[in-house]
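Each protein sequence line maps, in turn, to chains A and B.
Numbers 1 to 207, taken from UniProt numbering, label the letters of the first sequence in order.
Numbers 1 to 207, taken from UniProt numbering, label the letters of the second sequence in order.
Calculated directly from the structure, the hints in this document are not laboratory data.
You may find that some hints are simply not true.
Partial pick of chain A residues on the chain B-facing surface, computed with a CB cut under 10 angstroms [as the list claims (entries may be wrong)]:
no.: 1; residue: H110
no.: 2; residue: V120
no.: 3; residue: M195
no.: 4; residue: I196
DSS-like cross-link-like pairs, simulated, lysine-lysine; straight-line CA separation at most 27 angstroms [what the hints assert, rightly or not]:
no.: 5; chain 1: B; residue 1: K193; chain 2: A; residue 2: K202
no.: 6; chain 1: B; residue 1: K125; chain 2: B; residue 2: K17
no.: 7; chain 1: B; residue 1: K17; chain 2: A; residue 2: K23
Where a beta carbon is used, it is the ideal one built from N, C-alpha and C, also for glycine.
2 protein chains.
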Amino acid sequence: MNCLLVSTEEKIKEAAKAVFLEKGFDGTTTRDIAKAAGINSALMNYYFRSKEKLFQFIFNDLCSFMFQGMLDVVNQPISLREKISRLIDHQFQMMMQNPNLTIFIMNELHRNPERLYATVGMAKKIPESIFHQQIDEAIAQGTITHINSQHIMTMIVANIQFLFVSKPMTMLANGLDEAGFKAFATQHIEYVKEMICDYLFKPETAT
Amino acid sequence: MNCLLVSTEEKIKEAAKAVFLEKGFDGTTTRDIAKAAGINSALMNYYFRSKEKLFQFIFNDLCSFMFQGMLDVVNQPISLREKISRLIDHQFQMMMQNPNLTIFIMNELHRNPERLYATVGMAKKIPESIFHQQIDEAIAQGTITHINSQHIMTMIVANIQFLFVSKPMTMLANGLDEAGFKAFATQHIEYVKEMICDYLFKPETAT
DNA sequence: ACCGATTTTAACCAATTGATTAAACTTTTT
DNA sequence: AAAAAGTTTAATCAATTGGTTAAAATCGGT
Chain A
1 MNCLLVSTEE KIKEAAKAVF LEKGFDGTTT RDIAKAAGIN SALMNYYFRS KEKLFQFIFN
61 DLCSFMFQGM LDVVNQPISL REKISRLIDH QFQMMMQNPN LTIFIMNELH RNPERLYATV
121 GMAKKIPESI FHQQIDEAIA QGTITHINSQ HIMTMIVANI QFLFVSKPMT MLANGLDEAG
181 FKAFATQHIE YVKEMICDYL FKPETAT
Chain B
1 MNCLLVSTEE KIKEAAKAVF LEKGFDGTTT RDIAKAAGIN SALMNYYFRS KEKLFQFIFN
61 DLCSFMFQGM LDVVNQPISL REKISRLIDH QFQMMMQNPN LTIFIMNELH RNPERLYATV
121 GMAKKIPESI FHQQIDEAIA QGTITHINSQ HIMTMIVANI QFLFVSKPMT MLANGLDEAG
181 FKAFATQHIE YVKEMICDYL FKPETAT
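Model the full assembly from the supplied sequences, consistent with the hints where possible.
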């Protein structure tokens with residue numbers, strides 16, 4: 001067994017994750033991965049059977065990483081207001097550390113819709129979470145605006161995720177560098193929190 | 001000259017646009033395009049010098065298409081409230097007819113940041129538009145919440161665009177078919193309009 | 001109808017792609 | 001230490017890639 005810190009299999013997975021995230025499935029060659037992992041090209045086919053199989057492995061990993069954290073927050077036994085705030089914060093932290101996670105996943109799903117099957121289990125858990133129960137209860141009690149929970153979740157996710165999906169564009173349009181973007185994004189999520197909560201918990205009930 | 005409706009050059013451009021939009025630059029082969037255009041592979045290199053040059057052509061076209069419409073709305077001599085509503089409607093119409101326009105552009109910019117130079121002229125026009133002047137004036141008059149205009153634009157764009165960027169995921173998570181998605185999206189933009197306007201034009205001024 | 005220019009084609013090229021093979025090297029087991 | 005199992009390598013494969021070439025077909029002007 002290779003004992004220099006990590007196993008060869010792990011080295012390949014880490015390298016593949018980095019390269020796939022940066023270049024996508026089509027833009028990545030098996031030699032890219034081998035080079036990044038510091039191994040022979042053939043080793044990749046020894047541990048994983050093909051580029052496609054290796055990709056599926058990485059893709060599932062990344063999808064789990066993305067969804068699991070959100071699911072954890074979404075199922076916490078806390079108030080709706082607090083949960084929305086934490087949900088936004090959690091996504092923001094996750095994306096700050098992995099800015100191209102979402103564009104990668106969305107693009108691969110767009111290019112190859114069959115990969116949706118890899119996410120079907122996780123994706124369906126969110127609409128079934130206690131977050132949605134809380135919303136339905138709050139609506140019944142008249143505490144929040146009457147609005148389908150899927151729309152609320154979409155608003156939360158969209159306002160955070162698109163910030164990172166469009167990061168290069170936003171930086172260009174507003175003339176920001178890396179630090180400037182971070183400041184902009186940090187400020188932005190505060191506005192988003194405020195906007196969404198204002199909309200949900202507004203005093204007078206809209207039609 | 002080829003007089004069967006359209007010129008060969010136009011046929012190639014149309015085919016390339018469709019294929020690139022669906023498969024991205026890396027996923028597209030020159031033979032894909034030739035096949036879609038019903039021409040010989042070599043013809044593509046006769047009209048455009050290379051796959052890269054052809055792509056740049058298409059990419060610029062699509063970016064112009066995306067930005068020009070938004071710029072037109074953003075510079076209309078109408079009220080802020082009406083402008084926000086039209087901006088959202090316009091993007092929605094555009095994306096309904098071209099659902100993968102944004103994911104395509106964003107992904108290509110992510111994969112190849114040098115392409116940003118192709119958009120720099122257009123992207124910078126938005127922060128310089130009279131929309132932003134209107135916002136600054138409204139803030140000075142105390143008509144709307146005190147918030148940087150770039151944040152408002154980001155909110156508008158994010159809430160509409162991400163709906164389409166994440167279309168496959170949204171359809172899966174909420175169990176929607178094509179018609180279901182359309183209904184969901186149509187309803188969603190009404191909520192978004194309401195939410196953003198409520199936030200901007202709210203009666204009591206927040207800190 | 002003929003000529004020159006433009007347009008289109010088939011055949012081909014070198015480079016790169018994902019993947020395989022058989023041999024060499026380690027490690028573990030006996 | 002010998003055998004067996006597991007790991008890694010260099011060399012190579014067939015297929016596909018973007019691009020080129022030279023010849024054929026088509027066109028407009030005269």
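Results for each hint:
| no. | hint | in the structure |
| --- | --- | --- |
| 1 | H110 | 5 angstroms, holds |
| 2 | V120 | 6 angstroms, holds |
| 3 | M195 | 4 angstroms, holds |
| 4 | I196 | 7 angstroms, holds |
| 5 | B:K193 x A:K202 | 15 angstroms, holds |
| 6 | B:K125 x B:K17 | 25 angstroms, holds |
| 7 | B:K17 x A:K23 | 21 angstroms, holds |
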